[in-house]
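If you're matching them up, the sequences are chains A and B in order. Using this note's numbering, the first residue of the first sequence is number 3, and each one after it goes up by one. Using this note's numbering, the first residue of the second sequence is number 12, and each one after it goes up by one.
Be careful, since some hints might not be right.
Partial pick of chain A residues on the chain B-facing surface, computed with a CB cut under 7 Å [claimed, not checked]:
1) GLY45
2) LYS84
3) THR95
4) PRO144
5) ARG231
Listed next, the stretches of chain B that the computed footprint assigns to chain A, with coverage defined by at least 3 CB atoms under 8 Å from CB atoms of chain A [claimed, not checked]:
6) 65–78
7) 120–131
Everything labelled a hint here was simulated from the structure, so no lab data went into it. Beta carbons are placed, not taken as given, at the ideal position from N, Cα and C, and that holds for glycine.
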Amino acid sequence: MRRIRAVLRREWAEAMRIKMVLFSVCFFPLFMTGFAAYLVWQGRALPPQGQAVLLNTALIYFLVLPVVIPLSIAAYSIVGEKEQGTLEPLLATPIRDWELFLGKSMAPVIPGLILSWAAFGLFLLASRLILGEIPRGVLSLPWFLSIFALAPFLALFAVFVTMIVSSRTSDTRAAYQFSSLAVLPALIPLIVYSARLTAVNLAFVGIEAGILLPLNALALYIAVRLFRREEILTRWR
Amino acid sequence: MRAAVIRTEGLTRRFGDLVAVEDLSFAVGQGEVVALLGPNGAGKTTTVRMLACLIAPTSGRAWVAGREIREAPDEIRAIVGILTETPGLYRRLSAWQNLRFFAELYGVRDADARIEEYLRLFGLWGRRREPVATLSKGMRQKLALARALLHEPQVLLLDEPTAGLDPESARSVREFIAELRGEGRAILLCTHNLPEAERLCDRIVLLRTRLIAAGTAGELKRRLFGTRVVVELANPRPGLEDALRLPGIGPAELAGGKLYVGVEDPRRDNPRLIKRLVELGAEIVSVREEETTLEDVYHELMGGADAQD
């Protein structure tokens, strides 16, 4: 645990000194919260049913945040080590491959989830202030499952994909751009809910989990295979 | 030789069809500094990486402090300090943060006190809170050396420790390495700086994928060039060199008023040579051993390796 904690602290200390990362981490949650709250404010005169639909749509944005925030941190995490030539001294320490992998994975996921959930809470508070009360049926079990159970898997998927992409590039921007594909699974509910193909229900959360879990398992398998000392030193570009 | 802290036997590493290191056997004893010399691509970095348990050998074996590199990689990494070719520091973090991170990874006790000790030792204490990016190249190299020493490793693998340093800093680093030897650590030093290797290292290992030669600088010189004595004469006369046919002495060559004579064993042969010259009526001004450098040895051996390749 000591070594994982050390990796986490270092990753965060460094991320906080990178303007691009800092901008993503601060800007996206504020922007999403502000935009979602603005939608609710626009629909404040609607009947409760209309308000519920609006809130449902707005809530989807909070599934994109757990992907977008970790992406920016993770993209720099590996490529930054390559740029600075720090991988070799780091791998020469007694840290085990799995400890480094866990530290590197959790460093983007933890702030990503905390900020996403904080933004979600802020949005609910803003909605409550604007509408007087949250319309019935919005804060349902499927919704809470989406936000609190699916979001970690979305964030992890983004991080694993970024790790895979980062192992093959030495450019932060390229890593960020290619890794942005990881946002796709988070967009599925957005598309489905926006098109009103289905309501937010347990069945849909189950389907989304059914897609995400194998994707995560596959990405984790590839990332772990790539994340071996020798592989990192001899194959990573 | 002193007890071997690093020992390799037939160490080989291939990357696909490329052979980086082949059948390499050598040892580094406790309190010994051994230079690993060779041109770029000779396999020095691959050897260091294998010894630091960063990559596995394709075949052969190696032991560091009695532990086999494939059997106890984590234990070996804990007792090895490595200075890589580039300092490899987190440029946005301060000197203190860099050392603190590595201290935690190595599980250093009293980390803050140890970090302070090394920062003061290398003259970096006053700059400890500044981002590494603002430090000079020499300061970064010293910081990287401090990082390699932080956990008091028994074994040090140093790749170009004085590269890019000004003469004063390079000297202080060399003196520091000599102190570390005095503390009984085994040090393997990769360098292209041949005078530095000659001055600092107890033994030399010449590598070009395979082991070309190993020994002390003196041994290598003698093995390659023998010992030549330069005799300055007041009355040089042609034909004198032909009259010096004695067992263990010769060949001799007269050039520019000086007689260059090969001797097998200077302690045994020099007095006999001088006696013979005096008998032949030579007036001797001075006698000294001809100096060859490690650089001469290096070029001779590497040239030979080129010819074999």
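Evaluated hints:
For GLY45 of chain A, the suggested interface contact is broken, since its CB lies about 44 Å from the closest CB of chain B, more than 7 Å. Taken as an interface hint, LYS84 of chain A does not check out: its beta carbon lies about 11 Å from the nearest beta carbon of chain B, beyond 7 Å. The restraint placing THR95 of chain A at the interface with chain B holds, with a minimum CB-CB distance near 4 Å, inside the 7 Å limit. Taking 7 Å as the C-beta cut-off, the interface hint given for PRO144 of chain A is violated, the closest approach to chain B being about 42 Å.
Residue-level restraint check for ARG231 of chain A holds (minimum Cβ-Cβ distance to chain B is 6 Å; threshold 7 Å). With 3 residues having a beta carbon nearer than 8 Å to a beta carbon of chain A, the segment 65–78 of chain B meets the requirement of three or more and the stated coverage holds. Interface restraint, the segment 120–131 of chain B with chain A: violated (0 residues with C-beta to C-beta distance below 8 Å; minimum three).
Comparing the model with each earlier hint shows violations of hints 1, 2, 4 and 7; every other hint is respected.
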